[in-house]
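*Asks:* Produce the entire structure from the sequences given, and follow the hints as far as they go.
Residue numbers (the numbering used here), protein chains in the order written: chain A, 1 to 315; chain B, 1 to 403.
Check before you lean on any hint, since a few could be wrong.
Pairwise CB distance ranges, derived in the manner of DEER restraints [what the hints assert, rightly or not]: (1) A:SER206 to B:GLU336: 40 to 50 Å; (2) B:PRO14 to A:SER206: 22 to 32 Å; (3) B:TYR13 to A:LEU122: 25 to 35 Å.
Treat the hints as calculated values from the structure; they're not laboratory data.
From the three backbone atoms N, C-alpha and C, an ideal C-beta is built for every residue, glycine too.
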Amino acid sequence: MAVAEQAARYRPSRMALLAAWMRRHRFEIALITPLVAYVVVLTIAPIIDTFKVSFTHPRTLAFPSGANYQANFGSATFREATVNTVIVAVLSLTLELAVGLGVALALHARFRGQGFVRTVILVPLGVPTIVSGAIMLLIFARSGYVNSVLGGIAGLISDIPGVNWEFRNLSWTTDGGLRTLLTVSIADMWKVLPIVSLIFLAGLQSIPEDIYEAADVDGATKWQKFARITFPLLIPYITMALILRSIDAFRIFELALVLSGAIEPVLGTYIWDRFGPPTNDPFTASAAAIVLFGIIMVFIILYLRFVAARTEAAR
Amino acid sequence: MAEITLEDVTKVYPDGTQAVSDLALDIKDGEFVVFVGPSGCGKTTALRMVAGLEDITSGKVMIGGRVVNDVPPKDRDIAMVFQNYALYPHMTVYDNLAFGLKLRRLKKEVIDQRVKEAARILGLTEMLKKKPRNLSGGQRQRVAMGRAIVREPQAFLMDEPLSNLDAKLRVQMRSEISRIQRDLKVTTIYVTHDQTEAMTMGDRVAVIRKGELQQAEPPQDLYDHPVNLFVAGFIGSPAMNMVEASVSRGDGAVFVEFAGNRLRVDDELLKERPGLKRFEGRNVVLGIRPEDIEDASLVSEAPKDRRIPATVDLREALGSEVLIHFRVKAPVVLTEDTKELAVDVGAEALEELEQVAQQGESEFVAQLNPRTRAQRGQPIELVVDTSRLHFFDPETGLGIYTD
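*Replies:* Structure below.
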């Protein structure tokens, strides 16, 4: 009885409890502190700061204010940049996944010199993005590689009687419009093809060979084996590549800067233009950054909602 | 349903390894034939050539009288059960069973009826909506079987289908597969390295060694009349005891002698194996199955020329029988056949075999009545059933039967 009363009277303070808890978990706390510090200082704080600046009036510094967003949405360049960003992202994602799958299927087949080809495929990974942009400039230049190949094809086709294709060299990067956006997308695809192909290759190699043999015996054709076995079993890998790449695709910056410059702005280059000289306007830049952040978030949520959930259910 | 004929089928891999050599075998319509042999003997390769999953280097494979060498697997009208089941992981059990039928454009009602019938036979009805990964090993095995059954093919080809199951389940599935095969009367080739499966399931058992067919006969014939040392050693568990012995004639009978033991060959056996005469005064390999040795004290009137004394090295009581191990002071039989058999058991087994051989001794196992009072380290008097001895030519390893 007395013991129970004493126990009831003695109540450790919250601070004492916390201190005891910290003493018990000293080692765990020591381990996670650097990571927590890293995330807070370098990720969360800048996001919050950007968020705050975007809602601050550029002249009166009043908070909150929608002035920056108004200015952005009123700007034709911003609207164009937003649309362009979405177009480039969708184009490059489609290209990357389709071509990446093709490359992975080719690499998965057994052939001589496989190791060498796999190594060559990896080369773009080691090239800085800005350099790959410069390479693309040369390839897509007016007197560049793409034009000369297309010219050659046009010449061959025109040899057929009754066909006449007069090919004029195209200004891929400076004409603007969809053609320039496509050029940016192709450049992006070239850069990330290794990653995407390797993800798919890993997926292909995870499918046991005897499943295909079972399908052979069951009567499947090559196409049926691809459509009904390979593809469904690759879906987890496709979604993985999609989420990894889609976040990056919206953030496209260097390639657009080098290749299309100001002709076809994307959100990345727009933010850069606003933030840097001569504009030096962190306010509209922050607001545009938050819009970009929002678009990426929408895609991630859509992804989690539809693709990831369905893949989970399909298992 | 159809008969399957293998005509001198040979498989040589690009690197030159000969996996299967001149395999010739006629499998009757509805017959259950088991390919058995140590791992790497080519039995699976042979099966895969029948399935069409492996090119045939030379020879002919015929299914239902049609040469199928260049026919792709899907057009051979066969169904296969794979060692690792090879179920489609993203499909439900129902879809796994229905897949082959859908590809063949069967009517939905027909597919549904066949899938449900197969599920009923195999007790899978409750699991049709599950994915393979939510099934136990035994259930997956049943799905793999079901996928073969629904197809109603000309032949079932089974590649060690029970090797991934635990012992108890394996025994159960063994009889279940036999029953299903008997009910459906589908020609079946069944590959296994487990000689118990081979003996219990097959109408005929084909023993394969290094790509070559040794003998294809009903299980009991194989057991009683092994064509050579390899078959003799491979079929039967515990394995047949083998020792070098000399054959001699005296007192109007034929005797075999080894390690100071002199056994009188039963007259009936002599009639059955007249070829033994050729070996009088020469050496043979004597084979004695463990169950043909008994504790002398449990046998009434065992004549002296059937007895061998021994000292018990090890006693294993199995309830229904007692195994005793003992050594015989006669050189062990060390031929390619017996070495290969030891390798199949494991690298240690070969080492042990060679070690025992160096000491000039042979290891024997006897399967005694559980009433035996045999004790470890104690001497014991054993009786050999001399009407069931086996003899082999030490040069060729072939069984000695006819003249």
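*Asks:* Each hint: holds or not?
*Replies:* We went through each hint and held it up to the structure:
1. A:SER206 to B:GLU336: 40 to 50 Å: holds, 42 Å
2. B:PRO14 to A:SER206: 22 to 32 Å: holds, 27 Å
3. B:TYR13 to A:LEU122: 25 to 35 Å: holds, 32 Å
In terms of the numbered hints stated before, the structure departs from none.
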